[in-house]
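Student: Residue numbers (the working numbering), protein chains in the order written: chain A, 31 to 251; chain B, 253 to 458.
None of these hints come from the bench; they were simulated from the model.
One or more hints might be untrue.
Listed below are the simulated DMTMM-like cross-link pairs for lysine to aspartate or glutamate, each with C-alpha atoms no more than 25 Å apart in a straight line [stated by the list, open to error]:
(1) Lys342(B) / Asp251(A)
(2) Lys378(B) / Asp427(B)
(3) Lys378(B) / Glu405(B)
(4) Lys342(B) / Glu405(B)
(5) Lys365(B) / Asp382(B)
(6) Lys423(B) / Glu455(B)
(7) Lys423(B) / Asp446(B)
(8) Lys378(B) / Asp109(A)
(9) Lys342(B) / Glu108(A)
(10) Lys374(B) / Glu413(B)
(11) Lys342(B) / Asp113(A)
(12) Lys342(B) / Asp419(B)
(13) Lys378(B) / Asp419(B)
(14) Lys423(B) / Asp109(A)
(15) Lys342(B) / Asp382(B)
(16) Lys365(B) / Asp113(A)
(17) Lys423(B) / Glu413(B)
(18) Lys423(B) / Glu370(B)
(19) Lys342(B) / Asp109(A)
(20) Lys374(B) / Asp427(B)
(21) Lys365(B) / Glu405(B)
Away from chain A, derived, C-beta distances all over 10 Å, residues of chain B [said to hold, decoys possible]:
(22) Leu294
(23) Gly299
(24) Ala331
Positions of the beta carbon are idealized from the N, C-alpha and C atoms, including for glycine.
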Amino acid sequence: MSAAPILAAFRQAFAEAWAGGAGALLPLGFLGGTAVLVPLGIGSDTDTLSAVGPGIIWVSLALSSLVTLERIFQADVEDGTLDLWLQTGAPMAGIAAAKTLAHWLAAGLPLALASPLLALMFQAQASLELLVHLGLYALGGLAFFFWGGVGAALSATVRRGGLLISIIALPLYVPTAIFGALAMTGGIGSDGAPMLLAASTLFACAVAPYAMAAALRLAAD
Amino acid sequence: MFAGQGEQAKPLPVTLLTAPLLTARDLAILRGERVLFRGVGLSLSPGEGIVLRGANGAGKTTLLRMLAGLTRPEAGDVARAAPHHWIGHKEGIKPQESPRGHLALWAQAWGSKANIPEILEKMALKRAADVPGRYLSAGQRRRTAFGRLLLEERPVWLLDEPYTALDASGKAMLDAVISSHLRSNGAIIASMHDIAGFPVTAEVTL
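Hey, can you work out the whole structure from these sequences and the hints?
Tutor: See the structure below:
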């Protein structure tokens, strides 16, 4: 079996992510907007802000990852590309995973890269810890994109399926949000939290592509 | 997967020349509560051109999608003995993809070494070669999609209303491409409303 169709799918999705909806800018703006509004809403008390900061960033990250996902498979259904990908002979799960990964790289990774800046806005101490957090946000964001991809594939034939994606994907975001926030706030049981976060991301990467492939086959039927 | 088969398909072995490339038996499909058609069967051998006829909504596109393996039939089965090309109503061109970019992408996906400038010239797309998909006319989009047929040699072509949006020179060009494919022991199944400009060996009416 050749990996060429999967590489081509990755290349096309990456180009599309940048060309179609300004790539990273839309979710970045969403993330930034939420993070700026929260201090305005809850007041500028330093202790309060640094306590809620990581949690707010996790929630903003989860929501802003949903912003771009609506189009990743719906566009393929509309322009006929899905029919072509289904006929390459390569496993559809591989193609779906490649497309999701491309969208994460174009829109999800920039979100994680912006996180230290947001953390500073929430009165976090500028330290190396922020870079560790960056890694955790990147890891958790990957899970958000894969679960969101399942929602996107299931709602690919639904007009204005954005809301449907949220309803499908948000419950699946729960483990990532719990372990991610736990790993940063250092509550009870936080020692193993980074590992559990990594495990939940790996689980998403392993299971979600098959769910996406099945949903996309149904979408073409 | 299909990468190697393209090159191998060129000199067809003698045994393959008689065996059917694609067989469908007893196909039936439901759309909602309605039976669109049932008991449809066909067999496609090398060198054959089959035209699907039927009124709008008779199920020509659905039948083609079943033959391509995209839609699962309610009853019956399809046996595909050879790789196929698919040209549907929707061309599969992204808004940011130019004809050159589109063909290069699918050449990469299929592992094809075809000469893309040559294909663009044949499809009369030289002037539009680098225009993004969102600015292409309907006819130029069709021509770009037909360019995929020449990227890799595959015995079976499944074409859904191939003449749609083509001008007179586009139709003549497509007829020439299809005729030469049939002469070199390829086979096509096309859904059509007009009179075909290539040799038709059988018609299936839905």
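Student: Against this structure, judge whether each hint is valid.
Tutor: Results for each hint:
1. For the given pair, Lys342(B) sits about 15 Å from Asp251(A) by alpha-carbon distance, which is consistent with the 25 Å threshold.
2. Between the alpha carbons of Lys378(B) and Asp427(B) the distance comes to roughly 20 Å, so the proposed pair stays at or under 25 Å and holds.
3. Only pairs whose Cα atoms come within 25 Å are accepted, and Lys378(B) paired with Glu405(B) is accepted, the gap being roughly 22 Å.
4. The straight-line distance between the Cα atoms of Lys342(B) and Glu405(B) is roughly 22 Å, inside the 25 Å bound, and the hint therefore holds.
5. Of the pairs offered as hints, the one joining Lys365(B) and Asp382(B) holds, with about 20 Å between alpha carbons and a cut-off of 25 Å not exceeded.
6. A C-alpha spacing of about 20 Å is found between Lys423(B) and Glu455(B), which places the hinted pair at or below 25 Å, so the restraint holds.
7. Proximity of Lys423(B) to Asp446(B) is assessed by CA-CA distance (about 11 Å); at most 25 Å being required, the pair is judged to hold.
8. Among the hinted pairs, Lys378(B) with Asp109(A) is consistent with the structure: their alpha-carbon atoms are about 23 Å apart, no more than 25 Å.
9. A threshold of 25 Å between alpha carbons decides the hint, and for Lys342(B) with Glu108(A) the separation of about 8 Å falls inside it, so the pair holds.
10. Simply put, Lys374(B) and Glu413(B) have alpha-carbon atoms about 20 Å apart, close enough for the 25 Å limit, and the pair holds.
11. Between Lys342(B) and Asp113(A) the alpha-carbon distance is near 9 Å, which keeps this suggested pair within the 25 Å criterion.
12. Distance restraint check for Lys342(B) and Asp419(B): the Cα-Cα separation of roughly 18 Å lies within the 25 Å cut-off, and the hinted pair is therefore satisfied.
13. For the suggested pair Lys378(B) and Asp419(B), the alpha carbons sit about 16 Å apart, so the restraint of at most 25 Å is met.
14. With a C-alpha separation of about 23 Å, the suggested pair Lys423(B) and Asp109(A) falls inside the 25 Å cut-off, and the hint holds.
15. Restraint check: the Cα-Cα separation between Lys342(B) and Asp382(B) comes to about 20 Å, which is no more than 25 Å; the hinted pair holds.
16. For the proposed pair Lys365(B) and Asp113(A), the alpha carbon gap of about 23 Å is at most 25 Å, so the pair holds.
17. For the proposed pair Lys423(B) and Glu413(B), the alpha carbon gap of about 12 Å is at most 25 Å, so the pair holds.
18. For the suggested pair Lys423(B) and Glu370(B), the alpha carbons sit about 19 Å apart, so the restraint of at most 25 Å is met.
19. For the hint linking Lys342(B) to Asp109(A), the alpha-carbon distance of about 6 Å falls within 25 Å, and the restraint holds.
20. A threshold of 25 Å between alpha carbons decides the hint, and for Lys374(B) with Asp427(B) the separation of about 13 Å falls inside it, so the pair holds.
21. Taking the CA atoms of Lys365(B) and Glu405(B), the gap is about 11 Å. The hint holds against a cut of 25 Å.
22. With a least beta-carbon separation of about 19 Å from chain A, Leu294(B) lies farther than 10 Å from that chain, consistent with its non-interface assignment.
23. A cut-off of 10 Å between C-beta atoms confirms that Gly299(B) is not in contact with chain A; the least separation is 23 Å.
24. Taking the minimum C-beta to C-beta distance to chain A, about 16 Å, the non-interface status of Ala331(B) holds against the 10 Å cut.
Consistency note: the structure conflicts with none of the earlier hints.
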